[in-house]
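Chemist: Protein chains in written order, with the numbering used here: chain D, 1 to 330; chain V, 1001 to 1276.
In case anyone wonders, no lab produced these hints; they're calculated from the structure. For glycine and all other residues, C-beta sits at the position ideal for the given N, C-alpha and C. Hints may contain errors.
As the list claims (entries may be wrong) - Derived CB-CB ranges, DEER-like:
{"id": "1", "chain 1": "D", "residue 1": "Val198", "chain 2": "V", "residue 2": "Ile1248", "range": "44 to 50 Å"}
{"id": "2", "chain 1": "D", "residue 1": "Asp66", "chain 2": "V", "residue 2": "His1031", "range": "38 to 44 Å"}
{"id": "3", "chain 1": "D", "residue 1": "Asn166", "chain 2": "V", "residue 2": "Gly1050", "range": "37 to 43 Å"}
{"id": "4", "chain 1": "V", "residue 1": "Arg1180", "chain 2": "D", "residue 2": "Ala278", "range": "34 to 40 Å"}
{"id": "5", "chain 1": "V", "residue 1": "Ile1248", "chain 2": "D", "residue 2": "Gly225", "range": "51 to 57 Å"}
{"id": "6", "chain 1": "V", "residue 1": "Ser1002", "chain 2": "D", "residue 2": "Val111", "range": "33 to 39 Å"}
{"id": "7", "chain 1": "D", "residue 1": "Glu92", "chain 2": "V", "residue 2": "Gly1102", "range": "49 to 55 Å"}
{"id": "8", "chain 1": "D", "residue 1": "Thr238", "chain 2": "V", "residue 2": "His1172", "range": "46 to 52 Å"}
{"id": "9", "chain 1": "V", "residue 1": "Ser1238", "chain 2": "D", "residue 2": "Asp66", "range": "29 to 35 Å"}
{"id": "10", "chain 1": "D", "residue 1": "Phe83", "chain 2": "V", "residue 2": "Glu1051", "range": "55 to 61 Å"}
{"id": "11", "chain 1": "V", "residue 1": "Ser1002", "chain 2": "D", "residue 2": "Thr138", "range": "23 to 29 Å"}
{"id": "12", "chain 1": "V", "residue 1": "Leu1108", "chain 2": "D", "residue 2": "Leu74", "range": "22 to 28 Å"}
{"id": "13", "chain 1": "V", "residue 1": "Leu1078", "chain 2": "D", "residue 2": "Trp135", "range": "38 to 44 Å"}
{"id": "14", "chain 1": "V", "residue 1": "Pro1048", "chain 2": "D", "residue 2": "Phe83", "range": "23 to 29 Å"}
Listed below are the residues making up each chain.
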Amino acid sequence: MSRTARRLRYVFKRLLQALPIVLAIVIVNFFLLHMAEGDAVDVLAGEAGSATPEYMAELRAKFGLDQPLPVQLLVYLKNVFSFDLGYSFRHEMPVLDLVLDRFWPTLLLMVSTILLAVGFGIVLGLLAATGLNTWRDTLISIFALVTYATPLFWVGLMFIVIFALNLGWFPTSGMKNVAAFNDTWSWANIKDVAHHLVLPTITLSLFYLALYTRLMRASMLEQAGMDYVTTARAKGLTENRIMFVHVLRNALLPVVTMAGVQVGALIGGSVIVESVFAWPGLGMLAFEALFSRDLNLLLGIFLLSALLVVAVNLVVDIIYSSLDPRIEVG
Amino acid sequence: MSFWRLFKRNRSAVLGLVILLLIVFMAATAHLFFPEDPFRLVGKSMSPPGENGFLLGSDSLGRDVASGIAHGAKTSLLIGLMATFVAVGFGTIMGGLAGYYGGRIDDLLMRVTEMFQTIPSFIFAILLVAIMKPSIESIVIAIAVVSWPAVARLVRGEFLSLKTREFVQACHTLGMSDIRIIMGEILPNCLSPIIVIGSLMVATAILIESGLAFLGLGDPNIMSWGFQIGAGRTLLRSAWWVCTFPGIAILITVLAINLVGEGLNDALNPRLRERT
Chain D
1 MSRTARRLRY VFKRLLQALP IVLAIVIVNF FLLHMAEGDA VDVLAGEAGS
51 ATPEYMAELR AKFGLDQPLP VQLLVYLKNV FSFDLGYSFR HEMPVLDLVL
101 DRFWPTLLLM VSTILLAVGF GIVLGLLAAT GLNTWRDTLI SIFALVTYAT
151 PLFWVGLMFI VIFALNLGWF PTSGMKNVAA FNDTWSWANI KDVAHHLVLP
201 TITLSLFYLA LYTRLMRASM LEQAGMDYVT TARAKGLTEN RIMFVHVLRN
251 ALLPVVTMAG VQVGALIGGS VIVESVFAWP GLGMLAFEAL FSRDLNLLLG
301 IFLLSALLVV AVNLVVDIIY SSLDPRIEVG
Chain V
1001 MSFWRLFKRN RSAVLGLVIL LLIVFMAATA HLFFPEDPFR LVGKSMSPPG
1051 ENGFLLGSDS LGRDVASGIA HGAKTSLLIG LMATFVAVGF GTIMGGLAGY
1101 YGGRIDDLLM RVTEMFQTIP SFIFAILLVA IMKPSIESIV IAIAVVSWPA
1151 VARLVRGEFL SLKTREFVQA CHTLGMSDIR IIMGEILPNC LSPIIVIGSL
1201 MVATAILIES GLAFLGLGDP NIMSWGFQIG AGRTLLRSAW WVCTFPGIAI
1251 LITVLAINLV GEGLNDALNP RLRERT
């Protein structure tokens, strides 16, 4: 079998493995949300002030909330597989539209965070490992230790105090200046969004930066003790060449894996960061949905985040197998 | 006593332990130094630190920030410890059973763990607390639910490697019951990694708790650091101290626990220490 065919088969196999997990998540979340006291009709009725029991029953029937649980679940599953995530009672629009609409800001935030955290983490870990036990190593290690222990929301608020309120370098919240630009891809608009993106990205990446720095340092040190390094040295290669060509490439592997594993945590972190900076993404939508008890909407967000994690892990596995030809993909 | 000698070799771990003891002391004496309910309005609102008798200032309603931090220490430590206790207990049972018996139980557990790793855990915790209504119990359960799979995986791995060892086989030959082998022979041999992962988990639990409380999902009757920061958010422009000091308290506590955890790791797993 050719290499490409093997790779394709591997991708297909991984997709099949992911399916039951996604299904299980949908089912678990469905039952969890139904354990909650009160449904969307209670909320709507409560807001309307006066709602007769007859009217509430009518509303329940309209939304299908009067059906037995297994029926509701089956209907939901059927809908999910036809890409219909239901209707958000609160926002009065289909969940899929709402979720897709809010997906891009979150994706933008996450991609820039991963790039920043992995990039800087690799550089810092490399600097610490090459200057082992010098002041440079100590300083980087202390930095990693402290950022690892810092609550994200607090860092975000402190950044707002320092960089937005006192220095006025960055906006305090939001994604763009209100309705200033209509053309999405105009240069001014891109600059505006990027300007709003700086603080949330730095905040969200701090925790992961600490993680990758520590991982990169440990990984470099582990690789530096391997036999192939002795061989390279015996061959007369320069220390720089050994470090940056041989050791670095091998040391990168665990960092790439970790980047995939951490995506789920990153989504959790984005709920906090998005609510601090009022970034209009999925995290903030989840928070709004939670308090308006918008069950369908929450399910949609959960499903999308789970799919995202599965997809990213798949991509990471594929990258991994091309970075390291020793890994058997068959 | 060799444990203490090994632990002492790690200077930063000793520092972490000292800081942690101070925080425990602060939590234990909170009602002596601040006998008033931390929710009570005790003075002029929005006082900057050091003015009107407020060491760390007061918030928009005139609540004492320092009192909130002292009482909040109790909440953080309590929830961190309880959640870890539940997570470690449950994870050890599940991981132990899976590792010892293997087969179907093992398969099922690994599927469940995989699912838990795919679910974004913080959002899951938010969901659980919101469904069960915010209270100490629901927060502890939520944190434990998202934390136990890591323990289960660790314990399973330990059990898998230990159950094939000769001393366990000898126990089988002697006709010992499964429960005695699990509790009396295998479990004591994997206590060190469990203690280390547990100590680090307390720090994570405190971070999760503060995040939940910040989002308004804390127990409404109990003062906590996350709640203080969440409540002080709107005052960022006029009263920076309301958010700042509780955050520093979280940072120092989590840092201290992490240092102690690393010290425990060094002291309990000497082989690991030699490697780096």
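Chemist: Does the beta carbon distance between Ser1002 (chain V) and Val111 (chain D) stay inside 33 to 39 Å, or does it fall outside?
Modeler: 49 Å, violated
Chemist: Just tell me: holds or violated, for the beta carbon distance of Arg1180 (chain V) and Ala278 (chain D) against 34 to 40 Å?
Modeler: 58 Å, violated
Chemist: For Leu1078 (chain V) and Trp135 (chain D), compare the CB-CB distance with the range 38 to 44 Å and indicate the outcome.
Modeler: Cβ of Leu1078 (chain V) to Cβ of Trp135 (chain D): about 39 Å, so the range 38 to 44 Å holds.
Chemist: Do the Cβ positions of Val198 (chain D) and Ile1248 (chain V) conform to the proposed distance bound of 44 to 50 Å?
Modeler: Violated: the Cβ-Cβ distance is about 24 Å, outside 44 to 50 Å.
Chemist: So does Ser1002 (chain V) sit 23 to 29 Å from Thr138 (chain D), Cβ to Cβ?
Modeler: Distance hint for Ser1002 (chain V), Thr138 (chain D) holds at roughly 28 Å.
Chemist: Has the hinted range 55 to 61 Å been met by the Cβ atoms of Phe83 (chain D) and Glu1051 (chain V)?
Modeler: 59 Å, holds
Chemist: Given the hint of 29 to 35 Å, check if Ser1238 (chain V) and Asp66 (chain D) actually sit that far apart at their C-beta atoms.
Modeler: 50 Å, violated
Chemist: 49 to 55 Å was suggested as the range; check whether the CB atoms of Glu92 (chain D) and Gly1102 (chain V) agree with it.
Modeler: About 52 Å separates the Cβ atoms of Glu92 (chain D) and Gly1102 (chain V), which means 49 to 55 Å holds.
Chemist: Regarding Asp66 (chain D) and His1031 (chain V), is the given constraint of 38 to 44 Å on their beta-carbon distance met?
Modeler: This hint is violated: roughly 51 Å between Cβ atoms.
Chemist: Taking 22 to 28 Å as the stated bounds, is the beta-carbon spacing between Leu1108 (chain V) and Leu74 (chain D) within them?
Modeler: Because 24 Å falls inside the window, the suggested range holds.
Chemist: Can the suggested window of 37 to 43 Å be confirmed for the beta-carbon pair Asn166 (chain D) and Gly1050 (chain V)?
Modeler: 20 Å, violated
Chemist: Taking the beta carbons of Thr238 (chain D) and His1172 (chain V), is their distance inside 46 to 52 Å?
Modeler: At 57 Å between Cβs, range violated.
Checked against the numbered hints above, the structure breaks hints 1, 2, 3, 4, 5, 6, 8, 9 and 14 and satisfies the rest.
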